[in-house]
Amino acid sequence: NAGVMQNPRHLVRRRGQEARLRCSPMKGHSHVYWYRQLPEEGLKFMVYLQKENIIDESGMPKERFSAEFPKEGPSILRIQQVVRGDSAAYFCASSYGANTEAFFGQGTRLTVV
Amino acid sequence: QQQVKQSPQSLIVQKGGISIINCAYENTAFDYFPWYQQFPGKGPALLIAIRPDVSEKKEGRFTISFNKSAKQFSLHIMDSQPGDSATYFCAAPSGSARQLTFGSGTQLTVLP
Numbered sequence: 046n047a048g049v050m051q052n053p054r055h056l057v058r059r060r061g062q063e064a065r066l067r068c069s070p071m072k073g074h075s076h077v078y079w080y081r082q083l084p085e086e087g088l089k090f091m092v093y094l095q096k097e098n099i100i101d102e103s104g105m106p107k108e109r110f111s112a113e114f115p116k117e118g119p120s121i122l123r124i125q126q127v128v129r130g131d132s133a134a135y136f137c138a139s140s141y142g143a144n145t146e147a148f149f150g151q152g153t154r155l156t157v158v
Numbered sequence: 164q165q166q167v168k169q170s171p172q173s174l175i176v177q178k179g180g181i182s183i184i185n186c187a188y189e190n191t192a193f194d195y196f197p198w199y200q201q202f203p204g205k206g207p208a209l210l211i212a213i214r215p216d217v218s219e220k221k222e223g224r225f226t227i228s229f230n231k232s233a234k235q236f237s238l239h240i241m242d243s244q245p246g247d248s249a250t251y252f253c254a255a256p257s258g259s260a261r262q263l264t265f266g267s268g269t270q271l272t273v274l275p
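As they're listed, the protein sequences go chains A and B.
46 is the number of the first residue of the first sequence in the numbering used here; add one for each residue after it.
164 is the number of the first residue of the second sequence in the numbering used here; add one for each residue after it.
Hints listed in this document are in silico derivations from the structure and should not be mistaken for laboratory results.
Even for Gly, the Cβ is constructed at its ideal location relative to N, Cα and C.
Be a bit skeptical, because a hint or two may be false.
[Stated by the list, open to error] List of simulated lysine-lysine pairs, PhoX-like, C-alpha gap at most 20 Å:
1. Lys-96(A) x Lys-72(A)
2. Lys-168(B) x Lys-89(A)
3. Lys-205(B) x Lys-89(A)
4. Lys-220(B) x Lys-205(B)
[Said to hold, decoys possible] Here are some, though not all, of the chain A residues that point toward chain B, as calculated from beta-carbon distances under 10 Å:
5. Val-49
6. Ala-134
7. Ala-143
8. Gln-151
[To be verified] Take a look, some chain A residues computed to stay more than 10 Å from chain B by CB distance:
9. Arg-59
10. Arg-60
11. Ser-69
12. His-74
13. Lys-89
14. Arg-109
15. Ser-111
16. Arg-123
17. Ala-133
18. Thr-156
Sequences are here, hints too, so could you generate the full structure?
Structural data, given as structure tokens:
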């Protein structure tokens, strides 16, 4: 049983470009969470999705950031017009249900140059 | 969003010693408290979790102690090994029970 799969592992974007981060949850998991980790800091919640629905996006910046979890395919975190401050590690986690253990992927390390 | 306060920020332990990391959380009615282990360049890995109907849970060398009345829980690593050197995060669910609030992390170094 494969774990949570994230790709790409590393992503370099120039300021103003778009970044697309993908996450495939563990088999049987229908709950997906995105977290951001800045260097030497903890993980900060961004958004929680179930299939085709955004349940909680209270941690998501109001502009430039969006997320989706379509009926088919991976969850996507999209960052438009990236800025240097977006450079961070972005982690996806999945769980079987709300309030059950969440398992993390290896992350996508975004560098904005 | 509730806060989770984790201490110490860094910890150095000799091989074979006991590592203790503490976390305190704010009011919550929800029912699991996980610890995650993260190695450099890797994602957090679920280490052990506890539900508040028990005061202690042990898995191998790792033990969680939970004090519901004090809203505190701690991770004990017995017989610490150099391979345990990593960053450890405690977490607690938010009021909606649909997201984790993480502590700031403890960087553990186990000296050989």
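Is the Cβ of Arg-59(A) more than 10 Å away from each Cβ in chain B? holds, 23 Å
Does Arg-60(A) sit more than 10 Å from chain B, CB to CB? Consistent with the label, Arg-60(A) stays out of reach of chain B, its closest Cβ about 24 Å off (over 10 Å).
Straight-line alpha-carbon gap Lys-168(B) to Lys-89(A), limit 20 Å: Within the cut-off at roughly 14 Å; holds.
Is the Cβ of Thr-156(A) farther than 10 Å from every Cβ of chain B? holds, 14 Å
Just to be careful, I want the Cα atoms of Lys-220(B) and Lys-205(B) compared with a cutoff of 20 Å; is the pair within it? violated, 26 Å
Please check whether Val-49(A) passes as an interface residue: C-beta within 10 Å of a C-beta belonging to chain B. holds, 8 Å
Hint validity - Ala-143(A) Cβ closer than 10 Å to any chain B Cβ: holds, 5 Å
Proposed interface contact between Ala-134(A) and chain B, which counts if any beta carbon pair is under 10 Å: This interface hint holds because 8 Å falls under the 10 Å limit.
Let's test the interface hint: is any C-beta of chain B closer than 10 Å to that of Gln-151(A)? holds, 5 Å
Assertion that Ala-133(A) lies outside the chain B interface [Cβ separation over 10 Å]: holds, 13 Å
Mind verifying the non-interface call on Ser-69(A)? Its CB should be farther than 10 Å from each CB in chain B. Holds: least Cβ distance 14 Å, greater than 10 Å.
Given the hinted pair Lys-96(A) and Lys-72(A), is their alpha-carbon gap at most 20 Å? At roughly 13 Å apart (the allowed maximum being 20 Å), Lys-72(A) and Lys-96(A) satisfy the hint.
Hint compliance for this structure: hints 4, 13 are broken, all remaining hints hold.
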